[in-house]
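The task is simple: from the sequences and hints, build the whole structure.
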Amino acid sequence: MAEIHILGQLQCAYNFNEPYSLFCRYSFQAGPNWTLVSGYSEGQTSSARADHKNCVVWSQPIDVHYVSKGIQVTPKKKSTNECYCNLLYKACDINCCCDNDCSDQDKSVLKHCEDSEQECEIPNIDYLHMCSSQLTCNKQLQSDVFGYLFCIGKANLPEKGKPSKTTLYSLDPNNRLKWHVTKKKSKNIKFTKNLYSIGQPIWMVTNDSIDSLELPITVTNEYCNGYKAIEFLRNDYVKCYVKLKDLHMLDVIKSFVRAKVVSPIEITLNSTKMDCTTLHCINLTLLSCDEHKCIKYNKELHEPRCSESHCNNIAVRIEYEFYCNVSLIKRVIVKFHVRTISMAQEFVLQEIAVNFYLGNYSIENIVKFSGNPGYIRGLPIIISLSESNHTAKFFNSSVARSNYLLMPYNRDGRCVVTNLTHNIVMFGHNKRLKCRAYFRQNFTTYNGTEICQKIQARIDELYGLRSNILIAPYGNPQDVADKNWVRLETFNKSNIYGEYHPKDSKLLCYNLITRIAFIIAFADTNDANKEVNKIISARVDSTTMNKTFSIDDLSTVITIDANFIDFSARYTCTAPAGVLRIESADLYGQLHNGTVSSDFISKS
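The UniProt record's numbering applies: residue 1 is where the sequence shown begins, and numbers increase by one.
Heads up, a few of these hints could be off.
Said to hold, decoys possible - If you anchor each label on the Cβ, the simulated ranges turn out as follows: (1) L269 <-> E346: 45 to 51 Å; (2) D482 <-> E300: 50 to 56 Å; (3) K296 <-> Y241: 26 to 32 Å; (4) I189 <-> F491: 53 to 59 Å; (5) I366 <-> I551: 44 to 50 Å; (6) Y241 <-> E308: 21 to 27 Å; (7) E222 <-> K296: 32 to 38 Å; (8) K254 <-> R414: 30 to 36 Å.
Said to hold, decoys possible - The calculated lysine to any residue pairs, modelled on SDA-like cross-linking and capped at a C-alpha distance of 25 Å, are: (9) K245 <-> R305; (10) K335 <-> S402; (11) K254 <-> L301; (12) K299 <-> R339; (13) K296 <-> I366.
Since the hints were derived computationally from the structure, they do not count as laboratory data.
None of these values were measured; they are calculated from a predicted model.
Yeah, the Cβ is synthetic: ideal placement off N, Cα and C, and Gly gets one too.
Below you can see the structure in the form of structure tokens.
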């Protein structure tokens with residue numbers, strides 16, 4: 001790996017004739033084969049004083065780090081016969097025909113598993129489906145752009161039927177949400193008595209009818225303006241805008257009261273009566289989830305309620321979990337992730353996720369891999385916070401959250417990290433997150449340095465850097481020795497100090513770390529047909545700043561980046577061609593003749 005690390009500063013400008021406050025615009029220009037992994041490639045200084053006369057001092061720090069693209073640092077290995085789609089430990093993965101945890105009965109509901117060849121499909125909604133190559137193991141892991149050119153990534157067309165007409169409805173302030181009346185739309189899906197197999201619609205039965213279980217979908221824009229049936233063993237994800245009165249949550253609550261999810265069984269085939277005497281019926285299990293935990297839904301406590309200003313207990317995110325035994329649906333859990341919504345919002349963005357699992361164990365109690373063996377793009381980075389036995393503790397962990405590298409969640413601009421509310425760093429996905437961190441004012445002393453260090457400690461908690469972190473080199477860390485786990489290199493925080501000015505209640509913190517970047521390097525260690533992505537190094541870069549707080553409003557914006565660098569490309573790069581370009585100008589944009597002094601050290 002080739003690196004260039006430029007450290008130094010722009011010092012001052014002198015011999016300028018105009019008596020204006022100068023600033024300096026600067027930029028680094030590197031060749032196309034170099035990647036900026038930390039720092040800024042361009043920026044602008046500020047003047048130290050308003051009237052500089054013949055000299056202005058900047059002392060602008062510069063810290064820029066480039067690495068070369070395409071240097072192969074890890075030798076390739078020959079392809080093996082691993083089951084790449086086996087991502088659940090000791091549990092059957094849907095559509096993974098090579099998973100030994102799947103019984104012959106499990107595979108019987110998967111149509112393509114009836115073939116003699118062991119084939120598999122990545123059970124992840126982020127990957128393309130309906131492609132001609134979807135039944136080939138690990139095809140979705142290849143970066144074959146042209147091979148996906150004519151694939152359909154998602155079918156978002158509604159089921160054929162007549163449009164529905166909705167009766168006008170308005171919310172009553174200070175009352176619970178009331179059901180609006182919708183004219184029943186005609187269905188073109190007919191109930192069959194056959195046992196469930198992959199792709200068939202899921203059915204619900206009431207006292208007088210049997211209907212498919214449906215989700216709202218987008219048709220022509222980002223708004224929920226259509227419906228489609230949930231299909232057996234097919235995960236789904238919907239994200240669309242909806243009016244408050246049309247929330248999917250209200251439909252689910254209504255179904256919870258009057259309907260049951262059904263599965264056809266053997267006696268259904270020869271019966272003319274379609275009720276729970278001839279069908280396998282189960283009730284929905286509803287959970288209400290706040291930022292910290294999920295509890296059983298209670299109508300008196302959790303039903304949506306509205307006032308003139310806001311509505312409580314509104315589920316803007318819903319998760320369906322279907323647990324199946326072959327063709328029988330044994331359990332359906334629906335999680336309402338609730339929050340308070342302002343009545344001023346005309347539309348609400350709702351998210352609905354549908355996931356199927358073969359087995360009776362809750363998915364929270366199943367160990368999940370992020371690849372097998374190498375990482376799959378879009379799956380979580382696996383970490384260990386223990387001092388030793390990293391692999392053993394990963395397989396014995398009962399809390400999946402502790403196994404993943406986390407980032408804060410931006411909740412209306414505020415940084416939030418809880419058991420249920422957070423972002424997960426996903427392999428191969430570059431991401432930037434900005435949010436505002438707030439700090440409590442329960443200080444027993446007004447020692448400036450002590451307060452600033454406590455603020456930094458709270459920021460570090462949001463960063464997730466409270467202890468030593470080791471990263472699993474592979475998505476499946478089975479048989480990986482402790483010495484082969486990759487340590488996340490962090491930064492030095494020893495030079496943070498502060499001053500408190502009681503006269504104006506100002507707190508000055510110096511060298512506060514308000515921006516970090518996770519820099520994770522990986523390489524494909526297998527042949528050209530299968531990806532086996534291995535993490536080879538990881539570190540955290542930081543940027544410091546001096547911050548002035550009002551003691552009555554202790555908050556600051558923090559920035560977190562996740563950057564992934566692929567070192568497995570086969571081409572090499574030319575020698576670096578870095579150019580530092582500097583323009584000097586006054587505040588009115590006029591250029592002047594003069595000299596800019598700088599001091600740089602280049603490390604390679």
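Now the hints, each set against the structure:
Distance hint check: the CB atoms of L269 and E346 are about 49 Å apart, consistent with the given range 45 to 51 Å. The beta-carbon spacing between D482 and E300, approximately 51 Å, falls within the hinted interval of 50 to 56 Å. Separation of K296 from Y241 is about 29 Å and conforms to the stated range, judged on CB atoms against 26 to 32 Å. At roughly 57 Å, the beta carbons of I189 and F491 sit within the given window of 53 to 59 Å.
One distance hint, 44 to 50 Å for the beta-carbon pair I366 and I551, holds here, with the actual separation near 48 Å. Evaluation of the 21 to 27 Å hint for Y241 and E308 yields a pass: the beta carbon distance comes to about 23 Å. For E222 paired with K296, a C-beta distance near 33 Å keeps the hint of 32 to 38 Å intact. Range check, K254 to R414: about 33 Å between beta-carbon atoms, so the 30 to 36 Å window is met.
Taking the CA atoms of K245 and R305, the gap is near 12 Å; set against the 25 Å cutoff, the hint holds. Note on K335 and S402: the hinted pairing holds, with a Cα-Cα distance of about 21 Å set against a maximum of 25 Å. Between the alpha carbons of K254 and L301 the distance comes to roughly 16 Å, so the proposed pair stays at or under 25 Å and holds. Proposed proximity of K299 and R339 is supported: the alpha carbons are some 16 Å apart, at most 25 Å.
Between K296 and I366 the CA atoms are separated by roughly 21 Å; this keeps the pair inside 25 Å, and the hint holds.
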